[in-house]
Amino acid sequence: MKTRLTLLLALVSVAAFGAPQPGDPAPNFSLTDVNGQSHSLAEYKGKYVVLEWNNPGCPFVHKHYDSGNMQGLQKTAEAKGVIWLTINSGASGRQGAAQSDIKSFLASEHANPTAYLIDSDGKVGRLYAAKTTPDMYIINPDGKLVYDGAIDNKPTPDPEDIPGATNYVKVALDASMAGKPVPVTTSRPYGCSIKYGGEY
Amino acid sequence: MIAFAMRLPKFVLGVLLFIGSLCQAQVYQGIQLVKASLLADQNGIVPGHPITIGLQLATAPGWHTYWEYPGDAGIPTRIDWKLPAGFTAGPIQWPIPARDTEPGDIVNYIYAGDVLLPVEIQTPAGLKPGQTVTINAHAAWLVCKDLCVPGKADLSITLPVVAASQPANGDLFASTRAELPMKGTPPFTASWSRQGQALVLHIAGLDPQAAFDFFPLPGDVQIGHPKVTPPTVNVLLIDPKETAASIDGVVLMTAKDGSAQAWPLPNGKPTASISAIGTGGVASSGQSSLLYWLGLGFVGGLILNVMPCVLPVIALKIFGFIKQAGESPRRILALGFTFVGGIFAWFFFLAALIVSFKLAGHQLNWAFQFQHPAFVAVMVVILLLFALNLLGVFEIVLPERLQAKVYDASGGEGYAGTFWHGVFATLMATPCTAPFLGSALGFALASPAPTVFAMFGSIAAGMSAPYAVLAVKPAWLRYLPKPGIWMVRVKQALGVLLMGTVLWLGWVLVEQLTPRTDTFPAQLASALAKHQIVFVDFTADWCVNCKVNEHLVLDSGPVQEAFKRKGVILVKADWTRGDEDITAYLRKYGRAGVPCYVVFSPDGNPTVLPEVITNDIVLNALNQAQS
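Listed in order, the protein sequences are those of chains A and U. For the record, in the first sequence the residue sitting at position 148 is 148 according to the numbering used here, with numbers rising by one throughout. For the record, in the second sequence the residue sitting at position 551 is 551 according to the numbering used here, with numbers rising by one throughout.
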């Protein structure tokens, strides 16, 4: 019993250390999108990739979509050749994971990611230690993580806070694409918890 | 917003009180999730006295709101006060939250169900009884179950200004206060060390029987979930570039009997000069130094025996035992140890008295801390009186009649009688021992209960050592020194020693009361005195936005050049450790935290810049300050 507990603790701490940090290679994954098409991270090597964790029922997601903030960022990034992968790690049956909800969300918000990926067993979310919606990651053409964290520095659900906020994703993308050091490579993500399935 | 001199009849005021605390309900899909209202802990405002106003969030079953540090998801509840002139609001006093674990290694710190968040409001002295005051607040929170719904409300409470107030909502505030972190010196020492990518908190001096838990308050520092393995807590830092050497937090101790106390971690303020004080070190000593103090207590107890009113008693008592026992060594031994038991009983009684006094003090929020100048001042006066007593300036004597009565009442021979003689011999020695006990008492007040008992136990052991030894070997009585003038000399020598302690404590007091020149207010004052433009950068090591602003704007060429050209004096206010002086300035400029930038014109007029700055904003502000 005691050895089992120690082993469990060791595994937990490995998991905590194992999550990729800025500068680390972004672990590869392969997921099916909401239209049934398969995508892997490896196929986008050589391009900038943004990972955005999403839950169409979360008020923090709505803060950035109802205001047009997220779609605006998406549009400017994609115009520069950035691949935008929106990921939903909610377990089926939990809030915001139903395909119908996702499709009506994409339509009504006029969102236009490269793909909206379904991660209902939460494997990719756990691999990246994603905790909240939204939770943002940027991967550079070398396949290395250059940013992980919040979308901006105003952790509120209030869309009125967007104009005065510093958008970390925009700052990091601009800096990295201009060959400059990224000033903030990690920040604490804020939002709703990701509705993972399973035990813990 | 004060409705002046309304002079309403009392019953109208009563009605006003009820409608004063308007509450607002947050309804989502037909369910009332949260009912928010403001409650006061008194039925009126006494001019110049603080009043506590709490934001009550009555939350539907199964739903929760978040703590100051929400954990991996969620956001803390916020209150923005809109106060009448002269009123100021303190920070939210957060009760200890519950830990909530969700799938995906997500840990949150939450309040399940109802919560009251008290805030102390300072009121101006110039209010007149008969006025009424309306306090407004905008509250915003996030309430979650499986899904999350943000809520907000504009709340107000109207209170009359009165000459004397009565407590209100007593039970609610009392039960909330019981959940708040304690004030004062914690009964343990905590130290942080950096080990690679982790911060390790080491806690010393904890009751080994008690369980402990840690709730982090990392500010902007990103951390993994703290791993508690007594006596250490491991906190993994997420950002490889993170330079933090510590984080704040709350330590929750749960005693064996289930009673719990939460303590904020010592916030890194300079207390070194204080914890170095003579016996005062007991307050924060680890185990090894505790042994040292117990040793001193033993020696102190031993010295008590050579005090003029105690020494003659030793020989008398031992002769008494010999007589009673008819020279039977076993009975001498038994009587001797019964007498020793009486001595211990008396000292433990004193320790219990002090501990209960301390407990009462916690409830009344007395601060028995050497950080407090008032406490140090009282200690100086008490020790001075004791030193003068030892030096023979005055005597403390129990009335003779009382002495005789007490001795008679303590019964005659036998074990019971001997036990009570032990108790009362010590009591009667009190006039001589008072200076020592008094000093011990002062220091004991600043120590946790187990330390108090250990200290007094070791004094008792010291004092009873000669009796114990002589009960074993009555023949050694002949080695006992004869009473004489030398005892008075010993007493005087101890008086001189104590006088030294008084002088030293006095010096500590002066240190505490002298303003330090390296503090932020002092730096700002000397900068402003030069009548140039002053730029104040309120920043902190853990503040990511501050770093961004410094990197992209303040360190940029045009801004640096303008600083040089205009002879701007730069003052950095480092809020990394939450310095209270700096907090006061931030509040003065309407900010709850950093980043914050303030530009002073040469004649000292401040302009507060927005949190997100650009080169243009800074350059414009400098130009305006100059004109």
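Keep in mind the hints are simulated off the structure, nothing from the lab. Treat the hints with care, since some could be wrong.
Claimed, not checked - Taking CB as the label site, the calculated pair distances span:
1) A:Gly164 to U:Trp81: 19 to 27 Å
2) U:Gln122 to A:Lys123: 23 to 31 Å
3) U:Ala260 to A:Gly93: 35 to 43 Å
4) U:Arg194 to A:Gly93: 30 to 38 Å
5) U:Val381 to A:Asp161: 40 to 48 Å
6) U:Trp507 to A:Pro163: 49 to 57 Å
Virtual Cβ for every residue (Gly too), placed ideally from N, Cα, C.
Consistency of the hints with the structure:
The given range of 19 to 27 Å is respected by Gly164 of chain A and Trp81 of chain U, whose C-beta atoms sit roughly 21 Å from each other. Under the hint 23 to 31 Å, the C-beta atoms of Gln122 of chain U and Lys123 of chain A, about 54 Å apart, miss the expected range. Between Ala260 of chain U and Gly93 of chain A the Cβ separation comes to about 37 Å, which falls inside the hinted range of 35 to 43 Å. Remark: the range hint 30 to 38 Å for Arg194 of chain U to Gly93 of chain A is contradicted by a beta-carbon distance near 43 Å.
For Val381 of chain U paired with Asp161 of chain A, a C-beta distance near 55 Å fails the hint of 40 to 48 Å. The hinted range of 49 to 57 Å is satisfied by Trp507 of chain U and Pro163 of chain A, whose Cβ atoms lie roughly 56 Å apart.
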